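Peer 1: For the record, the sequence lines run as chains A and B. Everything in the first sequence is counted per our numbering, starting at 1 for the first residue and increasing by one. Everything in the second sequence is counted per our numbering, starting at 1 for the first residue and increasing by one.
If you're looking for bench data, these hints aren't it; they were derived computationally from the structure. Predicted model only: the values in this text are computed from it and were never measured. A couple of the hints might just be wrong.
To be verified - Restricting the straight-line Cα-Cα distance to at most 25 Å, the calculated cross-link-like pairs of lysine-lysine (DSS-like) are:
| id | chain 1 | residue 1 | chain 2 | residue 2 |
| --- | --- | --- | --- | --- |
| 1 | A | Lys331 | B | Lys87 |
| 2 | A | Lys321 | B | Lys333 |
| 3 | A | Lys383 | B | Lys432 |
| 4 | B | Lys8 | A | Lys334 |
| 5 | A | Lys437 | A | Lys158 |
| 6 | B | Lys331 | A | Lys329 |
| 7 | A | Lys321 | B | Lys354 |
| 8 | A | Lys121 | B | Lys352 |
| 9 | B | Lys8 | B | Lys352 |
| 10 | A | Lys121 | B | Lys381 |
| 11 | A | Lys329 | B | Lys354 |
| 12 | B | Lys331 | B | Lys341 |
| 13 | A | Lys96 | A | Lys179 |
| 14 | A | Lys331 | B | Lys14 |
| 15 | B | Lys341 | B | Lys432 |
| 16 | B | Lys56 | A | Lys383 |
| 17 | A | Lys81 | B | Lys58 |
| 18 | A | Lys213 | A | Lys182 |
| 19 | B | Lys8 | A | Lys331 |
| 20 | A | Lys96 | B | Lys36 |
Chain by chain, the residues run as shown.
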Amino acid sequence: MELLMKEIRSMIPSDQIFTSLADRYSYSYDASFGSYLPEVVIQVKNKEEISSLLKLANSFNIPVYPRGQGTSLSGGPLPVKGGMVLDMSQWNGDLKIYPDDLVAVVSPGVLTADINQEAEKFGLMYPPDPSSAHVSTIGGNLAENSGGPRGLKYGVTKDYVIGLEVVTPEGEIIKTGGKTIKNVTGYDLTKLIVGSEGTLGIITEATLKLVPKPPASKTMMAVFDDLVQSGQAISKILTSGILPAKMEIMDQSSIIAVENYQPLGLPIDAEAILLIELDGHPLAIEEEMKTIEEIFTDFESVKVKIAENQDEAQSYWRARKLVSPAIVKIKPTKVSEDATVPRSKIPDMFQKLKEIREKYDIHLVVFGHAGDGNLHPNIICDKRDTEEMIRVEKAVEEIFKAAVELGGTLSGEHGIGTLKAPFMEMELGAAGLDMMKRIKQIWDPNNILNPGKIFPEEGQKLVLRE
Amino acid sequence: MSTGAALKDRLHYKETFNCVQCGYCLPVCPTYETMKSEVHSPRGRINLVKMLAEDKIKAEDLREPIEKCLGCRACETACPTSVQYGKILEGAKEVLEFAEQKSRAQKISESLIFDQMFSSKRWMNTIGNLSWFYQKSGLQKMAQRTGITQLAPLHMGTFESVLPDLPSPAERKNRARLYKAIGSRKITVGFITGCVMDAIFYETNRNTIDLLTKAGADILIPESQTCCGALHAHAGKIADAKALAKRNIEAFEKEEADYIVNNAGGCGATLLEYGELFKGNIEWESRAQAFSNKVRDISQVLAELDGLNFTKEVNGTITLQPSCHMINVQKVKDEPISLLKQVKSKGYREMKDKERCCGSAGIYNIVNYEDSMEILDSKMKNAKDTNASIIVTSNPGCLLQMKLGIQREGLEKSVRAIHFVDLLIEAGAVSK
Chain A
1 MELLMKEIRS MIPSDQIFTS LADRYSYSYD ASFGSYLPEV VIQVKNKEEI SSLLKLANSF
61 NIPVYPRGQG TSLSGGPLPV KGGMVLDMSQ WNGDLKIYPD DLVAVVSPGV LTADINQEAE
121 KFGLMYPPDP SSAHVSTIGG NLAENSGGPR GLKYGVTKDY VIGLEVVTPE GEIIKTGGKT
181 IKNVTGYDLT KLIVGSEGTL GIITEATLKL VPKPPASKTM MAVFDDLVQS GQAISKILTS
241 GILPAKMEIM DQSSIIAVEN YQPLGLPIDA EAILLIELDG HPLAIEEEMK TIEEIFTDFE
301 SVKVKIAENQ DEAQSYWRAR KLVSPAIVKI KPTKVSEDAT VPRSKIPDMF QKLKEIREKY
361 DIHLVVFGHA GDGNLHPNII CDKRDTEEMI RVEKAVEEIF KAAVELGGTL SGEHGIGTLK
421 APFMEMELGA AGLDMMKRIK QIWDPNNILN PGKIFPEEGQ KLVLRE
Chain B
1 MSTGAALKDR LHYKETFNCV QCGYCLPVCP TYETMKSEVH SPRGRINLVK MLAEDKIKAE
61 DLREPIEKCL GCRACETACP TSVQYGKILE GAKEVLEFAE QKSRAQKISE SLIFDQMFSS
121 KRWMNTIGNL SWFYQKSGLQ KMAQRTGITQ LAPLHMGTFE SVLPDLPSPA ERKNRARLYK
181 AIGSRKITVG FITGCVMDAI FYETNRNTID LLTKAGADIL IPESQTCCGA LHAHAGKIAD
241 AKALAKRNIE AFEKEEADYI VNNAGGCGAT LLEYGELFKG NIEWESRAQA FSNKVRDISQ
301 VLAELDGLNF TKEVNGTITL QPSCHMINVQ KVKDEPISLL KQVKSKGYRE MKDKERCCGS
361 AGIYNIVNYE DSMEILDSKM KNAKDTNASI IVTSNPGCLL QMKLGIQREG LEKSVRAIHF
421 VDLLIEAGAV SK
């Protein structure tokens, strides 16, 4: 370790190297579960630093964990095997918009929301909008392939990445893709890197595609007395020729939690609230909103409100925003899942979740991105209560099974990390998972980069207890 | 130092579990922005407090992160799970205070400042008087010219040059304990004059009385009131803070006031949390809560009474630098702005990130001078971008800091800082 530190100090300015116990503990966690103490934390600020550190790590056989601002819900940046944490968050200085090419070129520490804000100055938009966009770095979003409510219409992070600069696990600097929309030169390594959770390389620059910013938006709130009907309504809207920008759902438990937390006058006897946002040309969305209203007349159990102005629209979205703070008032620990199902299976998934809630006697709240099948079943619990956490672990396992059985997936937007690794084979099969492992082995022969993620260790099980 | 369960209790270990480590506090934390590392973020500090409670680190590991925290509590406003960061911070400070091996000289000076000066109205008046003598006698000019004050410890010289003009001792003694509303009485308020406010910003207190009576309030000023205890609590001296709080609660219990008004955001926040301070104390909790329920910022009372017209034009564009504790703890946001917009001026212009701490933070700018100046510089950049010539603030510490910022930027000729109350008087406030 001493020799390694000496080498590190010869290549990195000393104010970028943290070794005190307080510093190391401060990079030992993310927004998911567990705390793992790294041996050293290094704030990297250019690709040469990263390249030389990775070469060093290979010769010393030390694991390296890249980290943005630690907002991951799946354990992406956790230094589970100690070693070096590379804090990328302070490499946030480069954000350039090329309006004529409709692209942005960014350094990895730039905040996601800042990209969209800068793009808006040119009448453009960077659509991916994870709820942590004002905190999370684009590097972290790329590694985890983050989504967000707008995923319904606009897709997720991977749909906006056209070029990357990457330092490979062995310290080589490569470029993938470029600045063009169309590019079929060779394998699409860009797409391979995005969502690889920092196991195949460290992204040092990204070229992102932008789209014209829609001139107007409109919001509707629909309150359902019957959950199954809300599922049917979602399918009907999506097959009517209209693609809303967002379509979010809150179940009854979420509605009650919000009302208890901050009374907004939501109907607590309703089984579901749907929030729909349309964006586009003002005249077009006016027409589309009428169509949706007509669709809703087919359902008996629904009451519809359309926001007259932006303030009213914001007050509708406020309800959705308050779900997260409201539910942790019940108990402090939140196990936030993102299992995703084909859209037509949303009502079935709701049914399954209801059964799981009863079977394990857990506090399960469901909200999320109804339009793209990406629900967020959240289990509210207390991680100090071992008996409860064992039930929660079993429930989570069953949620994953249910999603996969319905033709869905373990993770829509949070990533696999440590928490979902034990379930990979269930979704991919042994051969499918093995193909992924072989890719990892070729890219990272010494298993230096972010070891302990995505692939389960022998006999690894989900553990949510500390 | 206490161990085990007792330590966990004092560190509010249970409360740390309410932090889900989402990181939403990072972008609003001024020290995370300027110091650029997780130990100087709210999430980092909460985690370290937890680590200390679990005996994974030592108290000394926690010291710097806690001492560098401004205590602005912007993180509480951003927190989606309503973690009571202020409580965790004060608990940590108390534990550190206890664990501390202090030099004899430091102990004596702290005891002078906290035990005697801030808690004694007489001392604070004396400071006011001495400062007055210092200014009027020409000593100040001489000291400034010769640069003597630059040599003073803790950069006192830098702050000294931005102190306001002070009233004479005779004026100070003549203040009554009851002021009658001008015109018909709409309400009766108790006025908590504050120690620093009363010592150094006596004029602002006089103007506060003026505004309140004009707006239709009878004002009671109990003599036995004392320092609110904010600086003590923020320094981890909880026992002292409680002793002061009790004196204030007793002083105002004797009065029949509808509200207890203050004009210093930091004090207001502390007064508002007396109830919380005595939580679980059978004798004092309900009395403290009754006190806190009446606490209002001057802007809230003026907005509610709606009894003033502004007759004189103020020459310049106005921007507001609200005090952190007014925004983040008292949650008073709109009232000052709506009153400022009623003033005849060249207009009100909103400062970017105005909610962000200016780096004054009690005695932070004296104790952590360099760090405070970095935070101030980023604040002043936003202030300059507004092109406003008047920076209005709602707290004495912020006011001095803003004056210092103006000086650092060399803007003395074009920009001035003023307390909210003083600006309303300058704007020719009269009864409606």
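Peer 1: All the hints need checking, so say for each whether the structure fits it.
Peer 2: Outcome of the hint check:
1. As the CA atoms of Lys331 of chain A and Lys87 of chain B are separated by approximately 19 Å, the hinted pair is consistent with the 25 Å bound.
2. For the suggested pair Lys321 of chain A and Lys333 of chain B, the alpha carbons sit about 21 Å apart, so the restraint of at most 25 Å is met.
3. With a C-alpha separation of about 59 Å, the suggested pair Lys383 of chain A and Lys432 of chain B falls outside the 25 Å cut-off, and the hint is violated.
4. A hinted pair counts as satisfied when its Cα atoms are at most 25 Å apart, and Lys8 of chain B with Lys334 of chain A qualifies at roughly 23 Å.
5. A C-alpha spacing of about 21 Å is found between Lys437 of chain A and Lys158 of chain A, which places the hinted pair at or below 25 Å, so the restraint holds.
6. Between Lys331 of chain B and Lys329 of chain A, the direct Cα distance comes to roughly 20 Å. Compliance with the 25 Å bound is thereby established for this hinted pair.
7. With a C-alpha separation of about 24 Å, the suggested pair Lys321 of chain A and Lys354 of chain B falls inside the 25 Å cut-off, and the hint holds.
8. At roughly 17 Å between alpha-carbon atoms, Lys121 of chain A and Lys352 of chain B fall within 25 Å of each other, so this suggested pair holds.
9. At roughly 39 Å between alpha-carbon atoms, Lys8 of chain B and Lys352 of chain B are farther apart than 25 Å, so this suggested pair is violated.
10. Taking the CA atoms of Lys121 of chain A and Lys381 of chain B, the gap is near 21 Å; set against the 25 Å cutoff, the hint holds.
11. Using a Cα cut-off of 25 Å, the hinted pair Lys329 of chain A and Lys354 of chain B is violated, with the two alpha carbons roughly 30 Å apart.
12. Restraint check: the Cα-Cα separation between Lys331 of chain B and Lys341 of chain B comes to about 19 Å, which is no more than 25 Å; the hinted pair holds.
13. About 13 Å separates the Cα atoms of Lys96 of chain A and Lys179 of chain A, which keeps this hinted pair within 25 Å; it holds.
14. Using a Cα cut-off of 25 Å, the hinted pair Lys331 of chain A and Lys14 of chain B holds, with the two alpha carbons roughly 12 Å apart.
15. Proposed proximity of Lys341 of chain B and Lys432 of chain B is supported: the alpha carbons are some 17 Å apart, at most 25 Å.
16. A C-alpha spacing of about 19 Å is found between Lys56 of chain B and Lys383 of chain A, which places the hinted pair at or below 25 Å, so the restraint holds.
17. As the CA atoms of Lys81 of chain A and Lys58 of chain B are separated by approximately 24 Å, the hinted pair is consistent with the 25 Å bound.
18. Between the alpha carbons of Lys213 of chain A and Lys182 of chain A the distance comes to roughly 21 Å, so the proposed pair stays at or under 25 Å and holds.
19. A C-alpha spacing of about 20 Å is found between Lys8 of chain B and Lys331 of chain A, which places the hinted pair at or below 25 Å, so the restraint holds.
20. Proposed proximity of Lys96 of chain A and Lys36 of chain B is supported: the alpha carbons are some 22 Å apart, at most 25 Å.
Violation of the numbered hints given earlier is confined to hints 3, 9, 11; the remaining hints are satisfied by the structure.
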